[in-house]
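Visitor: Keeping their order, the protein sequence lines are chains A and B.
Note that the first sequence ends on residue 271 in our numbering; no numbers are left out.
Note that the second sequence ends on residue 424 in our numbering; no numbers are left out.
There's no promise every hint is true.
Straight-line distance between alpha carbons at most 20 Å, and here's what the computed EDC-like set of lysine to aspartate or glutamate pairs gives [what the hints assert, rightly or not]:
id, chain 1, residue 1, chain 2, residue 2
1, A, Lys33, B, Glu155
2, B, Lys368, B, Glu379
3, A, Lys241, B, Asp293
Here are some, though not all, of the chain A residues that point toward chain B, as calculated from beta-carbon distances under 10 Å [to be verified]:
id, residue
4, Thr89
5, Gln153
6, Ile157
7, Ser171
8, Leu175
9, Asn177
10, Ala181
11, Ile236
12, Gly237
13, Lys239
14, Lys241
15, Lys242
By construction, these hints were calculated from the structure, which means they are not laboratory data.
Just so we're clear, the structure is a prediction, and the values are computed from it rather than from any experiment.
Backbone N, C-alpha and C fix where the C-beta goes; we use that ideal spot for every residue, glycine too.
Each chain, letter by letter, is given below.
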Amino acid sequence: MDTLFFKAALVAYLAATVGYLVSLVARRVVLAKVATWILGFAVALHTVHFLFVFTERGINVAVNLFEAMSFFAWIVSGAYLAVQFRTRTRVLGAIVSPFAVLLMMLSSLGLEGTLVIPDALQGKLVPIHVTLSILGEGLFALASLAGVMYCIQDRQIRQRKMGALARYLPSLGDLDNINHAGLLWGFPILTLGLIVGSLWARTAWGGSDWPMDPKSVWSFAVWCFYAFLLHQRLAIGWKGKKIAVLSIVALVVMITAFIGVSFLSSVHKFT
Amino acid sequence: MNIILVGMNHKTAPLEIRERLSFACGDDVRPLEEILRAPAVREALYLSTCNRVEVLARAESMEEAIARVKEFILRHGNLDTSELEKCLYVYCGSDAVRHLFRVASSLDSMVMGEPQILGQMKEAYRDCLEQKSSGIILNKLIHHAFRAAKRVRTETAIASNAVSVSFAAVEMAKKVLGSLEGKSVLLVGAGEMSELAARHLLSNGVGRLIVVNRTYSRAVQVAEEFQGIPAGFDMLEEKLREADIVISSTGAAGHIITPAMIHAALRRRKNRLLFLIDIAVPRDVDPEVGRIDNVYLFNIDDLQGVVDENLRNRLKEAEKAEGIVGEEVLKFAEWYNTLEVVPTIVSLREKVESIMRAEMEKSGSWLKTLGEEDRKNVEIMTTQIINKILHDPVTGLKEESQSNGAMPYVAAIRKLFRLGSEGD
Numbered sequence: 001m002d003t004l005f006f007k008a009a010l011v012a013y014l015a016a017t018v019g020y021l022v023s024l025v026a027r028r029v030v031l032a033k034v035a036t037w038i039l040g041f042a043v044a045l046h047t048v049h050f051l052f053v054f055t056e057r058g059i060n061v062a063v064n065l066f067e068a069m070s071f072f073a074w075i076v077s078g079a080y081l082a083v084q085f086r087t088r089t090r091v092l093g094a095i096v097s098p099f100a101v102l103l104m105m106l107s108s109l110g111l112e113g114t115l116v117i118p119d120a121l122q123g124k125l126v127p128i129h130v131t132l133s134i135l136g137e138g139l140f141a142l143a144s145l146a147g148v149m150y151c152i153q154d155r156q157i158r159q160r161k162m163g164a165l166a167r168y169l170p171s172l173g174d175l176d177n178i179n180h181a182g183l184l185w186g187f188p189i190l191t192l193g194l195i196v197g198s199l200w201a202r203t204a205w206g207g208s209d210w211p212m213d214p215k216s217v218w219s220f221a222v223w224c225f226y227a228f229l230l231h232q233r234l235a236i237g238w239k240g241k242k243i244a245v246l247s248i249v250a251l252v253v254m255i256t257a258f259i260g261v262s263f264l265s266s267v268h269k270f271t
Numbered sequence: 001m002n003i004i005l006v007g008m009n010h011k012t013a014p015l016e017i018r019e020r021l022s023f024a025c026g027d028d029v030r031p032l033e034e035i036l037r038a039p040a041v042r043e044a045l046y047l048s049t050c051n052r053v054e055v056l057a058r059a060e061s062m063e064e065a066i067a068r069v070k071e072f073i074l075r076h077g078n079l080d081t082s083e084l085e086k087c088l089y090v091y092c093g094s095d096a097v098r099h100l101f102r103v104a105s106s107l108d109s110m111v112m113g114e115p116q117i118l119g120q121m122k123e124a125y126r127d128c129l130e131q132k133s134s135g136i137i138l139n140k141l142i143h144h145a146f147r148a149a150k151r152v153r154t155e156t157a158i159a160s161n162a163v164s165v166s167f168a169a170v171e172m173a174k175k176v177l178g179s180l181e182g183k184s185v186l187l188v189g190a191g192e193m194s195e196l197a198a199r200h201l202l203s204n205g206v207g208r209l210i211v212v213n214r215t216y217s218r219a220v221q222v223a224e225e226f227q228g229i230p231a232g233f234d235m236l237e238e239k240l241r242e243a244d245i246v247i248s249s250t251g252a253a254g255h256i257i258t259p260a261m262i263h264a265a266l267r268r269r270k271n272r273l274l275f276l277i278d279i280a281v282p283r284d285v286d287p288e289v290g291r292i293d294n295v296y297l298f299n300i301d302d303l304q305g306v307v308d309e310n311l312r313n314r315l316k317e318a319e320k321a322e323g324i325v326g327e328e329v330l331k332f333a334e335w336y337n338t339l340e341v342v343p344t345i346v347s348l349r350e351k352v353e354s355i356m357r358a359e360m361e362k363s364g365s366w367l368k369t370l371g372e373e374d375r376k377n378v379e380i381m382t383t384q385i386i387n388k389i390l391h392d393p394v395t396g397l398k399e400e401s402q403s404n405g406a407m408p409y410v411a412a413i414r415k416l417f418r419l420g421s422e423g424d
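The following block holds chain B by itself, in its conformation from the complex (with noise of 0.2 Å):
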């Protein structure tokens, strides 16, 4: 396969020198043109993130494609030549389509399983056709990286549970209260990540969100942002009655919320089942609460805790992700070796099929004085023989490419049924 693929993502080069290339290869650089300016290089596609840089390409020759494209990121990256060494990977053949494919899947990725670079592939594969930078290869190929993610993300749980604490946050809320439409929210205190918390859960269908702080203005504030409702903290116990899900992030050196007053809440609320997350170091829910009735509490551990264990399970289904990774490659390698024969066969097929007619066409006298129905008889009886002798050096040829290599048998079978040479 004369494909190649050379990179370096967030595992070899350190930010700083991604960073540089991204920049570089910015707006007034256009590197699929520079890539293509090489002689050696028939297509190519360009991917950049904040965490890769890739150039995939089908070359001529290798050795020269490499060496062109490391002179383009060396040139670009305002690197010298070791240090480029250090951080690149040079791959080839099937060992470029693995990568392509694995970091089409997420496997590749600093946080394994999240769907960011399949989007920004699809990006990447916009500007090359755009550019016109890719052929049949290149498409078939990148397609069918596509394919495999896709793959990957039915067939396997890696992108399924949250990796992050206030995604953790949702995904406990809805084990808990089930559908989140409808619920409401209540925000004591504010901070960075009670607010993504927030973010996530409307978007995840909460219908209303209050907040409460200690400086009332503050509370205004977030309220708008979020279209909530603002309340002093005065309110915090009226509030916990008509709340499910409650965030706690006060910088409140005590317990603000007690099992006392959760007990009256519940009674108000008629146990509604309440969920509670306590982001505050040090607490602001007494640990006593979580061991309430139809009350669940987590605090930032827990979240940790389930984030891990999220991540662990994720590795477990990385196995599974690269193993469908591994029969994707093969089924390219497949069609991809099959490419060499393929018109070798369409002209052999061709040459035969047009024997016939004209074989048909000088027996037109005597087919005439056939009945209607012998003639498609005779035709298709010619069609058949033709098929049956074919048969066998079509599928032959096939199994040759996919192991050995079937250059020596095209060649022979160019030769001796006069096909003329390729492309004529």
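The shape of chain A in the complex, shown without the other chains (with noise of 0.2 Å):
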């Protein structure tokens, strides 16, 4: 029942994606606000999908690399979906949906395996630190993804190509807005996240060798970036470009993390 939600929710990622490349195509908002529509009954079935998976084994809705794909996708799309309900920048959705449907299309390779949850993965803690987690990240990315937008709107711009692409994107006040939002909210999450994850190695592993793994490690990179992002925005005051430039190179960063090294990684690994 929840691999079937699970399938009806890529369908319809895949669909919402359809709507905003054509909308993107055709440079008309009317199409994305539809294409909204479906993303949000993409994310309501996904929903159904984990609320499958919590009534069969509880918390632990993400407990590999291929769930918490899936999960990831689910934030980024929730996420969105709010951030736009305030914002109206529908058109952003055309970045956030094809995201979505990638991370939804390599999650879905691992559907039909067999659920095997680590030994050093086992442990009340570990849900909620993967939970914090993916949903911190799920707003970094958003930030990230409104800081792609950012760069293409302000080329548009500069160079005065005020053509029908440029009337299509967001405004550049917005897509910032979005950029902020996300890594304000996404900073604290992410840190309770990694606190979190940190208790439960320091019981469950023990000792002193867990900082040397290679996925912890990653992710504290990760983090350090976006605390410097963040702190570069809040207290010095970087907006706009050179904000969004670099929130992108912080998301090839955290992909690289995310996926990259869980194929590294002996003890973190998901799978």
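Using the hints, build the complex out of the two chains.
Guide: Here you go:
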């Protein structure tokens, strides 16, 4: 039952992406509006999927890389919908929804796999650590995707290309606000996630070798990167293009940490 | 279709002639009354704006009606015939409908896509209703024109972008800053165009307006007009920190806003986005300012470029709009054409139904012997028979009305079924 809803959600994400891309080609915001509703529907289906998983095995909804990616997609899409409800930047979905589809497709590769939770990852704190970390990273991803669009729009405006594309994309101010909100909310949540994770690691794995786990190191690096970004943003007052570019770099680092390192790490690995 | 449209617009007639006509049709003349006095004219609409004069009419005889309307324009415009012929256009039938729809959709306007014309047309129609100069056909036609205009507005982007420099400034400000709600504007110097832009910005939600001018009294004067805050010229640097939008239009010979000033202001405002418009010639703002991060500088040529781009876009959208107008013209023609067969269809049906009712009454005595349910079944059956018999001739009539003109068939049906002449 839960995989049915997962597949339905994947199809709906795909439909939303197609809708957004068509609106991008046709440069019509009306179509993006429709796509936004489809995306909302996809998130709803995805939520049902998680409810099934939840009733089946409690809060452990993201115990392997594939599930984590699906959870990630859900968070990013949900956060985007919440943001767009406030700012009416429908077009940002054109970059959020393909991102979600990509994650969902990767995630579907592990759909039929048997569920093995490694001993090292069994404990009450683990799901909390996973949920908070992915939530925080999802918000960061949203901030970065807004940054991608910021760079495109900035270029359009500076080169005086006030054609259909510039008209279609959201305003710089709105995109910068989304970046701001993503960093501001993502940071404390990820911080909490990492603290919970390290508390868990200390008790479960004990001793001194846990900080050298590659995934932990990478996660800490990502955290530092975003801490730096948020600091520059709030204290130094970096805004706009500079933060947008750095956010994109941060996203690349984060994705590397998220996926790439999982294949290296031994104890911290998902599957 | 017995519909005619006679008129002149900014393309066919010089302003002087349009002026004369609209003056002449001022308060003391009631154009509709006069046009309707012609026996050939049954319904009429008179539209007069600074760019056009249009007379739309349903006529018994088109030639006569055209002649009468021309004569009316000739008289009031104080024109001679040759002059008039050069300025006037005359459309008949579906061409007249198309022209009306194009006017309503603003495809025929001086600045394509500007919406004023629709309001003016609604006003003209109100006059029409007040003086009862429109009947079934013109009412339907004018409502259809409004509908076509609405479709064009919602289905194409013809009216969606700014086509004046001051509106382009607002549009660009929105593209950079997002919502203008609660943002503040700084006017440096004053002039017609910057004041116009300020007015547009204020009506788009800008919260605060600061006016800086070399002559302080002038700053006070302008600030009063917009309920803004006046400031002396020495305050410029300080005010640059507060503003989100700066409109500069002084008569200064050199640059009055330099990169150093902007850098200093940005530090104080924590790099909040700053949008500058330089309308002055020679320029007030050093072009280098435009290269600074988080600062967006537009000069008069840039804004003109936006306007040109938008106009080009409107032309592209106009093609789509013409398609919509074409569709609506066809729809109207369809409705109009069925008009000539509708009364016949109605009386044919009435006749057949009255026969049925009479026969049912005649058979009332034996129908009573049937049960309630059976009686109903008999009724249903007879109704079905009538419907099936009428179906083919009715659709046939409608089809003929769309292609060849159904008058011979109408006459035949009226004669064969003894429906009497129309209007009985």
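Visitor: So, as I understand it, the hint says lysine 242 of chain A touches chain B; can you test that by seeing if any CB pair is closer than 10 Å?
Guide: Holds. Min distance 6 Å.
Visitor: Classify the hint on lysine 239 of chain A as holds or violated, based on whether any CB of chain B lies nearer than 10 Å to its CB.
Guide: Holds: closest Cβ of chain B sits about 4 Å from lysine 239 of chain A, inside 10 Å.
Visitor: Report holds or violated for the interface hint on lysine 241 of chain A, using the least CB-CB distance to chain B and a cut-off of 10 Å.
Guide: With a minimum Cβ separation of about 5 Å from chain B (threshold 10 Å), the hint on lysine 241 of chain A holds.
Visitor: Would the stated hint for leucine 175 of chain A survive a check requiring a Cβ distance to chain B of less than 10 Å?
Guide: 8 Å, holds
Visitor: Do the alpha carbons of lysine 241 of chain A and aspartate 293 of chain B lie within 20 Å of each other, as the hint requires?
Guide: 7 Å, holds
Visitor: Should the hint that threonine 89 of chain A touches chain B count as held when the rule is a Cβ pair under 10 Å?
Guide: 8 Å, holds
Visitor: Double-check isoleucine 157 of chain A for me: the hint is only fine if its C-beta lies closer than 10 Å to a C-beta in chain B.
Guide: 6 Å, holds
Visitor: Can glutamine 153 of chain A be said to touch chain B, with a Cβ gap under 10 Å?
Guide: Hint on glutamine 153 of chain A: holds, closest Cβ of chain B at ~8 Å, below 10 Å.
Visitor: Quick check on the hint: asparagine 177 of chain A CB to chain B CB, less than 10 Å?
Guide: 7 Å, holds
Visitor: Given glycine 237 of chain A as an interface hint, is the shortest Cβ-Cβ distance to chain B below 10 Å?
Guide: 3 Å, holds
Visitor: Go through the hint on serine 171 of chain A and say holds or violated, using the shortest Cβ distance to chain B against 10 Å.
Guide: 4 Å, holds
Visitor: Are lysine 33 of chain A and glutamate 155 of chain B close enough, with their CA atoms no more than 20 Å apart?
Guide: Answer holds: lysine 33 of chain A to glutamate 155 of chain B is near 15 Å, not above 20 Å.
The structure fails hint 10 only (numbered hints given earlier).
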